[in-house]
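*Asks:* The residues making up each chain are set out below.
There are 2 protein chains.
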Amino acid sequence: MVSRVLNVAAAQVGAVDRDASKEDTVRRMVALLEDAISQGVQLVVFPETTFTTFFPRFLFDDPAELEKYFEQGHDITNNDGVKQLFETARRGKVDLYVGYAERADDGRGFNTCIYYSGHAGRTLSKYRKIHLPGTRDPFPDPEAINQLEKRYFEPGNLGFNAFRAPGLVPDASKKGTNAKASIGNGDPIMGMMICNDRRWPEAWRVYGLQGVELVLVGYNTPYNAPHLFGFRKPMSVEQAEKEAYYHHKLVMEANSYMNACFSISAARAGFDDGKYDLIGGSAVVSPNGYTIAQAKGIGDELVVAKIDLDDCKQGKETTFAFERHRRTEAYGLITWQTGVVEPELLEPDAP
Amino acid sequence: MVSRVLNVAAAQVGAVDRDASKEDTVRRMVALLEDAISQGVQLVVFPETTFTTFFPRFLFDDPAELEKYFEQGHDITNNDGVKQLFETARRGKVDLYVGYAERADDGRGFNTCIYYSGHAGRTLSKYRKIHLPGTRDPFPDPEAINQLEKRYFEPGNLGFNAFRAPGLVPDASKKGTNAKASIGNGDPIMGMMICNDRRWPEAWRVYGLQGVELVLVGYNTPYNAPHLFGFRKPMSVEQAEKEAYYHHKLVMEANSYMNACFSISAARAGFDDGKYDLIGGSAVVSPNGYTIAQAKGIGDELVVAKIDLDDCKQGKETTFAFERHRRTEAYGLITWQTGVVEPELLEPDAP
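If you read the sequences in order, they're chains A and B. According to the UniProt record's numbering, the first sequence holds residues 1 to 351 in order. According to the UniProt record's numbering, the second sequence holds residues 1 to 351 in order.
Chain A with its partners taken away, still in its complex shape (with noise of 0.2 Å):
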């Protein structure tokens, strides 16, 4: 029996300031990648816009200063200022995912992420960001912090797509055990996300759905933006910190206890520009819903766990084994329709 036991990793990377320069900050996530082989770890995850600030924040006159933010082209590994970090995943054999905003060949807009593997020396997989949070017009307060994802970015169009990582798992792609008879089997079988998307159970149910056991997410969280959230109730400034790391975790947990995979999130976290918070909790959570290893700050840092992604099989196998237990005639709304129907009051039969 082949062993499923992966070395995995969060690579938290804290504050990065508007101007930061692309060199140094990669130069950072370099070195979370030379840490992170060194202690043999095989699969890293990196955060969402991860080579810049966290730039929706800010309203752009000047499209110039924008597109200093984004990525440009269909593939980024071989792109001046960060194709260290590819090299070093190469030179590793460590896989990496990675998230940056993308200027498609055709001139559009994404968050995305890449799956990169050192084994293979390519990328194997990218995910564009489908739930993009915020609004498209800033807010009329000229203090408000915004949140521009839905002006800069278009909604991802690549789906949901699991896929496997061959080279994780020795022996695991010899031929028959990445077949559909073998459910659990081969090697292991990844979803990708970013950010927001965590919070939309449908994500997480479209990778179920293929037998995800990784989820790969990686994120910007602000916690004290009343603007942004709505807030209808005053709240400290410690009360919303602790509330935005409460859901992040408790959306994490749930997520993959009711997907029955393991889940690695990466935060891009600190105070950019030394105002601008970003909660950290980079953590690695079992498919039985607990986190099993979380970052102690908000600067850059490691959060390095050993799983065995047999331990999936137990949920997948029982309580959440989809064939035996779902019943999608019952599911019809989540797909007919986009927004809230309320049902109207119905009248009581005339006495």
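Note that these hints are calculated values from the structure, not bench results.
Stretch-level coverage of chain B by chain A, calculated; a stretch enters the list once three of its residues show a Cβ under 8 Å from a Cβ in chain A:
1) 153-160
2) 253-264
3) 326-337
Note that beta-carbon positions come from the ideal geometry of N, C-alpha and C, so glycine has one too.
Could you slot chain B onto chain A? The hints should help.
*Replies:* Relative to the frame of chain A, chain B by itself:
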């Protein structure tokens, strides 16, 4: 502006033995209901199959013996042995949710609950459990504790239909307030689930898409049935108990948060026949995903909370404003496909 504050309660019911008389059990339920009425509670949630022990743990050879655990007919509110409960609700003008095993007029069995309005003096809605857990056939091991819901019940055929409950919020039913234009106003919008349904995000989302403000769930959750859960790793009784509570709390909190609704869950708890364990943990959870009231023990216990339905609005208008953020084009698999189809390994390009 209409105040939409409600007093609600979960009515946890402790051990009910295999040979308990229905009259005795209903007497305990009436006592809980009268306690609730005396405290000004407006809505009380009772557990799943509350009138009898949780009989799907047994295999019955004698059909007549099985039948003792079912309530007969389309409308049970006047049935001998249980009608006292509904009379009390009518007299006290309190609404209730209660679960029972239903033998429909055509002979089919369902795991059912109804919402009975003490204000209106009638049943407003019926739900039949859609996610039946367990197996059809008993385990070969005669010592095993079974879970034969798939044997005794058919999957519910009434869908997840949210409904409005009039009479709880004064003046809410006045013309116009239940119209589409007034999202989150008018009479409270309710959704009902039973036990295992709460672990299925599809159930919550279908209600969420109907603007649900209060999800009501009765449950029976054993914790030390290794055959049932297929534990791969040996686990002590204490661990199993802790884990069952953890998962219950996790799914109630996360799904309430992800649908920006309150939820009330009520356990049939305790040690039936002094040996079959069931968790307590009856709780009220806020739309922000926090448990705000919880049972202290595993016996008969009323868990009361004062909730403001307008607290649902923050989530429904910002993070979980479905109309703005959901992307149904990416969710197709959820309704197209029941079980898991794993991806195959993509062969790398020829060198």
